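> Residue numbers (my numbering), protein chains in the order written: chain A, 1 to 382; chain B, 1 to 382.
Hints are not guaranteed to be accurate.
Each pair may be met inside one copy or between any two copies, as identical chains are not told apart.
As the list claims (entries may be wrong) - Below, simulated DSS-like cross-link-like pairs (lysine-lysine); rule was C-alpha separation at most 30 Å, straight line: (1) Lys-222 <-> Lys-262; (2) Lys-262 <-> Lys-31; (3) Lys-262 <-> Lys-35; (4) Lys-222 <-> Lys-298; (5) Lys-31 <-> Lys-184; (6) Lys-20 <-> Lys-184; (7) Lys-41 <-> Lys-348; (8) Lys-222 <-> Lys-20; (9) Lys-32 <-> Lys-222; (10) Lys-35 <-> Lys-20; (11) Lys-298 <-> Lys-314.
Simulated from the structure, these hints should not be mistaken for laboratory data.
Since the structure is predicted, the reported quantities are computational estimates derived from the model, not experimental observations.
2 protein chains.
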Amino acid sequence: MSRVIVASVGYTKVGDHWDKSILDLAVEASKKALKPHPNIKPDTIIVGNMFSSQSARQEHLGALLASALNLVGTPAFKVEAACASGGVAFNVGYHLVRSGEAASVLVVGVEKMRDLDVAETSLALTMAESAEYTQFIGATFLSLNAMLARLYQETYNVTRDELSAFPVIAHQNAATAEHAQFRKAISVEDVSRSPLVSDPLRLLDCAPIGDGAAAVLLTSDKLVEEDDEVEVLSSKISTNVFSLYERDDMLTFSATKEAARKAFSEAGIGVEDVDVLEIHDAFSVTAALSVEAMGFSKPGEGAKDASAGVYSLKGRYPALTFGGLKGRGNPAGATGLYQIAELWLQLKGRGGLNQVEDCRIGLAQNIGGVDTTSVVTVLARR
Amino acid sequence: MSRVIVASVGYTKVGDHWDKSILDLAVEASKKALKPHPNIKPDTIIVGNMFSSQSARQEHLGALLASALNLVGTPAFKVEAACASGGVAFNVGYHLVRSGEAASVLVVGVEKMRDLDVAETSLALTMAESAEYTQFIGATFLSLNAMLARLYQETYNVTRDELSAFPVIAHQNAATAEHAQFRKAISVEDVSRSPLVSDPLRLLDCAPIGDGAAAVLLTSDKLVEEDDEVEVLSSKISTNVFSLYERDDMLTFSATKEAARKAFSEAGIGVEDVDVLEIHDAFSVTAALSVEAMGFSKPGEGAKDASAGVYSLKGRYPALTFGGLKGRGNPAGATGLYQIAELWLQLKGRGGLNQVEDCRIGLAQNIGGVDTTSVVTVLARR
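Only chain A is shown next, with the shape it has when bound in the complex (with noise of 0.2 Å):
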């Protein structure tokens, strides 16, 4: 067993990028990646992904990305796991570099959101839902999680206000990363004032519709020598049962919790050795049970904790440091290495006015559907 590094990240702005194509933005964050270490030619390139044959009718990224970087031959391949595209992919490139089949491997996450119309946006990230049932029947991804903010805020008796919590720390936090979609900050009031979207998710409860691209270069620690190099503890998969309707119960994240469980066990941490963190927030709701699954948070106290200041940057757990899905924005098949990117700038001192002071340990917690796929990954500067 190889002990694995991120060696290096690159990645674009999140945002509309109307000039470029997709294959455009993953050559972009893939050479700056790359960049630091010149004589590193990676063994194999993986591409997180989820609809290109929607959104820009191609397929077959892995190899296009290969010949698109002059690194002809080399094995190259898409994952995809719906929203957890990237973290997947990284997952899989992780495995590859511990086992020693792989001395280094580019793992790249790329979406084209913006070329499709909103509803068409709609449309495509609702295939991370049975066709068969949900689809179906109408649902879109955005009212299903409608359906479980109400759940949430019934059950547990959350506030409007306090479910507004997340956007805000997500914004305040974009408002300083120069890579986020909205650098913007925003008040309680904004978020529980703006306009409903699906009773009771309102816009600024739901993370944007963006493009980007975000790629990690992962090494085998005998590859890259460096005194504070940033090391994957542990990445660990799981998936809860396929549709919201089909669960006993909706308001625990199980796929997210046996994640976190197995990739805490591995990297022989608990919680509270968690210095910072990325969350899936696509939703409001969707941070909230999402802390609450991996122990950061009681349950039903996520939203609460986050509106006392638990997860803002100066908070005991600092969660989207760069703005997470909702202030950075949510490239679907680019989130899950945004996240390991924005750890890694984090654990490297390297976070400019969004720095968490004296963290070391770093988790990032990415989700395909409504907690369907989840993958946790624990990084550590050693």
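On the provided structure of chain A, position chain B as indicated by the hints.
Using the frame of chain A, we list chain B on its own:
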């Protein structure tokens, strides 16, 4: 490192499955593969699929299948590399078991093609090629291969009847294969006089469109003990310059050549040790260039050798032993797993009327695009 065993296989008949969804097909093949080992619960599920989003408006196949198999919690994801999706999924599963990360992995290839009309299917398959260049100018996957066939015939003086040899072998073997799409022998004249579809390729040069799923259960040798176990000796992926028109030498399948070189090397065998082979005969010309790239035939002699009987069931290198892509069928993302399942049948001596005598070592070659991605896998009965 664990030795990796193909413990069992399962598959559906290839053809028109109007009454079954993509999930139904994947479940059917998976259950067959899992049945012989009721005590093994796979540690990971990997799905090879190319375009479920186009044909079934369904992404997130990994978690969907895990849930349908009552394997909730199991890590699950999809792998895509065009028509090599199945072979690449197998490769990823192999590495997870080999490294000890998983004791068992269920790898399932599935594609539902017949729910699209023929034009839509052609467009979906052409997503293996560059959207910005090749697709943009209107070339289809078929027309690219037609141009390659013309170049092949003109460069090496390959006659029309010689080019017809691989489809004849495929149908000869498919006639007695229960799971094949076209159980009908055809003659050289049938191929050479079938309707032109893209000059010089004729209807019977081209693998058909069909639905299907194939699954294999991979395990560590510590988990399953049998006398005649089928072991994976090696599995290697390589890539070529993405677009055919950019290649210096279009007639050398360099991805296949490199993947085979590495696969032979790691398995510690040479061409002459292979007893049975499954090649990616998407078109007659593809079969010819594939055997040439791997060294079974000299450059320019693949089709001629096929014509001379080298690749027939009782020839020196029996190929397409249950019909290959042409006769058994080519459900894109499933094809690579059908190949593995068929080699398993041969090596176990369960080939029925299609059994290759005294075979111990089998090789599968699975391509995405025009040799853009290639996976070569070597199996052996111990």
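> Compare the structure with each hint and give your call.
The hints, checked one at a time:
Taking the closest pair of Cα atoms, Lys-222 and Lys-262 come within 30 Å of each other both inside a single copy (26 Å) and across two copies (23 Å). Taking identical chains as interchangeable, the C-alpha atoms of Lys-262 and Lys-31 lie at most 30 Å apart only when they sit on different chains, with a minimum of 27 Å there against 33 Å within one chain. In the homo-oligomer, the alpha carbons of Lys-262 and Lys-35 lie at most 30 Å apart only across protomers (28 Å), although the nearest pairing inside one protomer, at 34 Å, exceeds that limit. When the C-alpha separation of Lys-222 and Lys-298 is checked against a cutoff of 30 Å, the pair qualifies neither within a copy, at 41 Å, nor between copies, at 41 Å.
In this assembly of identical chains, the alpha carbons of Lys-31 and Lys-184 lie at most 30 Å apart only when taken from the same copy (29 Å versus 52 Å across copies). Proximity of Lys-20 to Lys-184 under the C-alpha cut-off of 30 Å is restricted to the intra-copy arrangement: shortest distance 24 Å within a copy versus 49 Å between copies. For the homomeric pair Lys-41 and Lys-348, the shortest alpha-carbon distance inside one copy (23 Å) is at most 30 Å, but the shortest distance between copies (40 Å) is not. With identical chains, the CA atoms of Lys-222 and Lys-20 are never at most 30 Å apart, being 36 Å at best within one copy and 50 Å at best between copies.
In this homomeric assembly, Lys-32 and Lys-222 come within 30 Å of each other (Cα to Cα) only inside a single copy, at 22 Å, whereas the closest approach across copies is 43 Å. With identical chains, the CA atoms of Lys-35 and Lys-20 are at most 30 Å apart within one copy only, with a shortest distance of 20 Å there and 49 Å across copies. Only within a single protomer do Lys-298 and Lys-314 lie at most 30 Å apart by alpha-carbon distance; the minimum there is 20 Å, versus 68 Å between protomers.
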